[in-house]
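Colleague: Chains as they are written, first to last, in this note's numbering: chain A, 1 to 175; chain B, 1001 to 1391.
There is no bait here: all hints are sound.
Pulled from the structure, derived: some chain A residues nowhere near chain B, Cβ distances all over 10 Å:
no.	residue
1	Asp25
2	Asn130
3	Ser131
4	Gly134
5	Gly138
6	Asn142
7	Lys145
8	Phe146
9	Thr149
10	Asn150
Here are some of the chain B residues that sit facing chain A, going by a computed Cβ distance under 10 Å:
no.	residue
11	His1007
12	Ile1010
13	Leu1019
14	Cys1048
15	Lys1066
Here chain A is said to cover these stretches of chain B; the calculated rule only asks that three of the stretch's residues, wherever they fall, bring their Cβ under 8 Å from a Cβ of chain A:
no.	region
16	1049 to 1061
17	1128 to 1138
Everything labelled a hint here was simulated from the structure, so no lab data went into it.
Predicted model, so just to flag it, every value in this text is computed and none were measured.
Glycine residues also receive a C-beta, built at the ideal position from the N, C-alpha and C atoms.
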Amino acid sequence: MSIIKRTFEDHYEGLVRFANRYLNDMAQAEDVVQEAFIACWKEKDELKTEEQTRAFLYTAIKNRALNVIKHEKVKSNYQQTVISESNNEDLLFETGVITEEVSTLFQKALAELPDQQKSVLTFAMNGYKNSEIGEELGISVNTVKFHKTNAYEAIRKWAKYFFVIFILLFIRGLR
Amino acid sequence: MKEAKKHIDIAKLIFRNKLGVLSESEQKALNDWLSSSQQNQDLYNQLCFEEVEPMDASHKNDVWNKLERASKGKKRMVKFLWTSVAASIAVLFGIGYWMLQSNTSEEVLISQVATVEKIISNKKIENTVLILSTGEMIELNKSTFAGGVCEVNGVVLQMENGILKYRNKSGGNNEELFNSIVTPRGKTQEVILADGTHVWLNADSKITYPVSMKGKKRPVDLNGEAYFEVTHNKTKPFQVNVDDYLVEVLGTSFNVDAYSVDHVSKTTLVEGRVKIDFQNNRKDILLAPNEQVSLDKKIEKVKVEKVKSLDIASWRHGRFVFRKQPLSAIMKTFARWYDVEVKYENELLKDLLLTMNIERYSDVNDPLTIISSTNKVLFELKDRIITVKQK
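Next up, chain A with everything else stripped away, as it sits in the complex (with noise of 0.2 Å):
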């Protein structure tokens, strides 16, 4: 599979929300991740990893988004924050970025677990404690311990976008 496939498969609903944080129309939204994906593939001798990849993709989507708010005169007032205020500009990117990134990576954890696991991992990820996710689902704290460890251990196999420091975060998982 080609870096360009994958992270197509990967990342196109995560680049098409982003591109929606600026446009605020899903289908202009996806024209506008389309376009940045054919601009892409001129580009892909150079681009030789998903994240360079993807870095690329973000600064395609923001600058196409933006000349289509600036050209199409598409209004509405959140827009026009965005480009009246430059250090906006700056922070939506950022907040866009890593936004769907931390997201699309828990999709991705997500996606290889079963139910319970899903339930517990949510939770902890949002802050949880270990006894207060065991009061929500209704099951004991050591069940919890149990599911999260299972949970974790199964994110080591695509532990490709950990790199370095899996082995830590099995020492840790067990904890």
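Model the placement of chain B on the given structure of chain A, informed by the hints.
Modeller: Just chain B, lined up with the frame of chain A:
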């Protein structure tokens, strides 16, 4: 794009932090990012984890088909230019971060990270650095790595007796990832690639190579000097891309001396056969053992001559061996190894021909004393600048 890369890195740190798996230095990098602005903290606190309904698969499939058609319609016929690729990798790797602690005062934090190229040009690196495909940098001689094993797309990395080794394991997909190694002045690094090819990287050099070597070719980018013992594989040519040409081999041993900053680059064949491909700029050259091709970039001249190839590769064994070489070439080598600058009181001194075979002493004064014993030149060393004077 650099900004985007930085945000992607931060996202990864945040996600892993939520899983409770950050190393100390990563935690520090994340904390620095958090404390650098209220906005960052707000962003962090507002992140919410929820399962998202996946997009309709058939719609996604349609989109992909449409994209694939569109891309085929616009295929470029431009020839693949390695030099531009090499440059862009350097830029694209962009902002990485030091993953491993120690030398805390020296630690480059994620908020102030520089590009790989900057690090090289500012001579910030004091140790050999491995750059993963993610842009993450690992200092190779740190004990933290020496004991560790990491896995990248089905490939295992290990440090054994100071040699970095890649081994293919089963699994992993066909996506080709690239790693790089950058040596500082005064240090060399040995690496055994996934196909078994043994590479010695000389000081002040950078090499980029495929991690798994599963592709149809084995392309390697080099800026600097390296000696290669290539594992024979008829079906997968091994290619070394330097600024102005490409060295293509099937299995053989050779030395490439191609620093971008030098105006002459040389490739020397020890055994086997190699092809020098100038990418349509001039005719290809086939080298026989003990032949050296040198390209003078200034006057655009290529010459092939017989040399003692073992001399050329002697740096691997910690020796400086020169045979009838001009002083300027010798001093260039010293400058690179001892991290000094060289000035000449008299330009004619540069052409003084010398022959020597000496140990690579740890102190620059030792080889200088040996050369000055010829009674032809004098050296003055002050503030890491050597001035060459007439005796």
